[in-house]
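Visitor: Listed below are the residues making up each chain.
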Amino acid sequence: MRHYNWLNPWFICVVICCVILASPIVLVFSSLAFPQLDVWQHLYQTVLSDYVTNSLLLAFGVGALVILIGAPLAWFIARYDFYARRQIKWLVLLPMAMPAYILAYSYTGLLDFAGPVQGALRTTFDWQYGDYYFPEIRSLSGAILMLSLVLYPYVYMLAKTAFSDLPANLEEVSKSLGVTANQFITKVVFPLARPAILMGAALAMMEAFADYGTVQYFGISTFTTGIFRTWFGLGNGIAAAQLAAMLTSFVVLLLVLEYFSRRKVKYYLQGQKSKAFNRQVLHGYKSVVMAILCVLPVIFGFLIPVLQLVGWAIDSFTKQFDQAFIQLIWNSFYLAAITAICAVILALFFAYAKRLNRSKVIHLIVSFVGLGYALPGTVIAIGALVILSWLDIQINGITEAWFEQSVGLILSGTLFALVLVYCIRFLAVAMHNVDSGIARIKPSLDDAAKSLGHSSFSILKNIHVPLLTSSVCSSLLLVFVDVMKELPATLILRPFNFNTLAVKTFELASDERLMEAALPALAIVIVGIIPVIFLTRMTEQRSPQRTSKNKGKYVTS
Amino acid sequence: MLRLNNVSLAYQDKIVVNNLGFELSVGQIGCLLGPSGSGKTSALRAIAGFEPIINGEIWLREQIVSDNKTNLSTQKRRVAVVFQDYALFPHLNVQQNITFGLTSWNKQQKQARVDELLQLVGLTGIELRFPHELSGGQQQRVALVRAMAAKPDLLLLDEPFSSLDSELREGLAKDLRAILKHENATALMVTHDQKEAFSMADVVGVMHDGRLLQWSNAYALYHRPVDKFVASFIGDGVFIQAEIDKDLQINSSLGQFPIDASYGFNIDDKVEFLVRPDDIVHDDNSRTVAKVISKDFKGSHILYELQLNRINPEKLLCLALSHHDHKIGENIGIRLDLEHLIIFKAE
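Chains as they are written, first to last, in UniProt numbering: chain F, 1 to 557; chain V, 1 to 347.
Chain F on its own, in the form it takes in the complex (with noise of 0.2 angstroms):
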């Protein structure tokens, strides 16, 4: 009955986007019209099983784990005062710059039987070789906890938005009503935030899906290490796919999971008229063991190995600093700004252009796209370099016919390869931080804004964007780090003698010269930090709870 215009610029504009963004991953899904039946027949007999149970299990464990350290983390810093609670804020987010693989080669180093611990503890109980248990760091669960330590930031920031928003007089009213307080965290709070940390840990579990360096270090067949070696060891490029696309249907599950959570709780800020809640203050040894309880992430997933990296970057020093390492850490930061911005202004376009036009066909669309990042970014690469190689030919074609020269790999062999690649991987990242900040704009300004003669341009940049700095910071921040940390998609696509920091960690470590190892990797560690202060101070700015009653309020509103 109502008919919908398809010429309309801002579809149009989507669709042209998300062409380009959607195929490589739509080159994945398409090997699955060629069965490679000798290969898979190898495959099933051999790891296949291995890759299915190891790469669930990985995911669901790091889900289950993130959870239980972000979602508590995030209710006693938005619910408590306590000792040093301001500074235990930000500290907690630290993890954020370390990459799970940089965090196992620093435990191995730690734990391994030559490292430091179980020497110590062979001097001093004077044992032997297998007088002794001690756990294998290099393990399915070592790699549980190395991710989960590391990512278990996404669900506290989210949970912890989700807690602050919650309206003062929830908790009034529910105490009124004769609800306990463990009532009112089961009943009301966590309900309210369950899409947040459902999201937070989707989120999670999608890195886990995708992870490499970890798994690939500790010797664990996943489903990564599998595409990887059905790649270069059988050479099978379609069959790499394949197990790609099945991959990447387990993560159409989150996906699915997450969207109908999120669609179910939909609310729109009353704003205005309802105060933040109070934090409960702690006093005496309660306040020193809470702030001993939520620093404890942060020891095991940023103090130790970052202690551990230092010790190590110290003594490789002097051999390691050197004019080509500068480089490398010019080359990791400009390319990760690059994206960064790249895929924010996606971000805020695609969740503009999903609120102008409440088709379904744009939102399926985009949710789509958003699927990169739950592909191995090695995928994503080789489906990129497929085809940017083909285009790069026909353009070569194309000028050598027309002015006799040609003008070599201009897309697949520069970084707008690397960009795309990364766009695709990490768009998904700004997508949800953007997306649930316009949620929280009430349709009625856009309204207002166009009874007011305002075009959609106009409101975007006048409106929205304004409105949204907090979401976009926090995006930027998140794919900025992300590229900082990203190794196999940048393993692959890097041009020629173009080197990051985390492709040198990578190789160096590979090696087992972990010492060398360090200092590039401390070097990520420490341009990691750097946004994660930003984000500090953003979020400090236009946090609601604020002292001063009336300053950054709006942001909810």
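A hint or two may mislead.
Computed list of lysine to any residue pairs in SDA-like fashion (alpha-carbon distance at most 25 angstroms, straight line) [as the list claims (entries may be wrong)]:
1) F/Lys442 with V/Gly137
2) F/Lys461 with V/Glu127
3) F/Lys442 with V/Lys69
4) F/Lys442 with V/Asp165
5) F/Lys442 with V/Phe50
6) F/Lys442 with V/His132
7) F/Lys442 with V/Gln12
8) F/Lys360 with V/Ser73
9) V/Lys107 with F/Ser456
10) F/Lys354 with V/Tyr11
11) V/Lys315 with V/Phe229
12) V/Lys110 with V/Asp165
13) V/Lys76 with F/Trp402
14) F/Lys354 with V/Ser73
15) F/Lys360 with V/Tyr11
16) F/Lys354 with V/Lys69
17) V/Lys151 with F/Ser444
18) F/Lys360 with F/Val15
Simulated from the structure, these hints should not be mistaken for lab results.
Fit chain V to the known structure of chain F by using the hints.
Guide: Frame of chain F; chain V shown alone:
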């Protein structure tokens, strides 16, 4: 200025506005009144251009802005909307909010208009405050001023008083009417509160289930409702069952009285007629008595709920002067004083 012809509107095949038609001339204040879900806000959104219509036409300034093919964009309609939640831009101060729609004006013009409007609504000096620093009543007036700033041809107000407390409402409704009249604005308001509708509007339309039942002034709605829903929705009152007897008289528990032929009822028809509280006069000398079931003290008057007798359990409402204070359970004399009979065929 504004004319709707047979306008229908649907969300996912569910018709929410059905054949709506009315007209507003320049400077007139209209109101769509109805319970929630009656389609009044949807109609308002269609006029603003936020929702396309599936049938009929919306005319603004002698030009079709919506029909089943065209839907002129909101930006081009020169209509302004005051939203239920005010929709003030939280990151802009009062001045920036008000001038948000004045993109083509220069700085002096903007300043002059802001000063003029803020003075009109009695809010001078708050230009630099942010929406969250204003009270509900102030926010409402800023939202109104923002809508009026560019002198739109039509002002649409969606439940403009719903988020204010009741004491504020009546005063603001009068102020608002005065402001709109001062600016000679054409306005259409949507509300579920008849008091607001009556104190604001020149002409009121009652909506129910997507249909406009009656479009007329407040007096006519109260005294000459065209429909049983309108009769019961507007004001208090009870329906009394009756029969038309062979002399074409009404025969009811309140007695017999003649009706003229213009009503068009036949002998033996079952009918019901509306009795408003002010149609029942308390009279100690009357032979008709009724028992007080409950009472509601209203200051100058008391609203009594009465029951005629045990055989006939029909209830009546009676508005008596407040010095006629009777206890619950007491029998009091009443007299029917109907000037105009509102009568419908019984269902």
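Visitor: Each hint needs a verdict: does it hold in this structure or not?
Guide: Hints versus structure:
no.: 1; hint: F/Lys442 with V/Gly137; in the structure: holds, 20 angstroms
no.: 2; hint: F/Lys461 with V/Glu127; in the structure: holds, 23 angstroms
no.: 3; hint: F/Lys442 with V/Lys69; in the structure: violated, 29 angstroms
no.: 4; hint: F/Lys442 with V/Asp165; in the structure: holds, 22 angstroms
no.: 5; hint: F/Lys442 with V/Phe50; in the structure: holds, 15 angstroms
no.: 6; hint: F/Lys442 with V/His132; in the structure: holds, 15 angstroms
no.: 7; hint: F/Lys442 with V/Gln12; in the structure: holds, 22 angstroms
no.: 8; hint: F/Lys360 with V/Ser73; in the structure: holds, 21 angstroms
no.: 9; hint: V/Lys107 with F/Ser456; in the structure: holds, 24 angstroms
no.: 10; hint: F/Lys354 with V/Tyr11; in the structure: holds, 18 angstroms
no.: 11; hint: V/Lys315 with V/Phe229; in the structure: holds, 19 angstroms
no.: 12; hint: V/Lys110 with V/Asp165; in the structure: violated, 32 angstroms
no.: 13; hint: V/Lys76 with F/Trp402; in the structure: violated, 49 angstroms
no.: 14; hint: F/Lys354 with V/Ser73; in the structure: holds, 18 angstroms
no.: 15; hint: F/Lys360 with V/Tyr11; in the structure: holds, 14 angstroms
no.: 16; hint: F/Lys354 with V/Lys69; in the structure: holds, 23 angstroms
no.: 17; hint: V/Lys151 with F/Ser444; in the structure: holds, 21 angstroms
no.: 18; hint: F/Lys360 with F/Val15; in the structure: holds, 13 angstroms
Consistency with the previously given hints fails for numbers 3, 12 and 13, ordered from lowest to highest.
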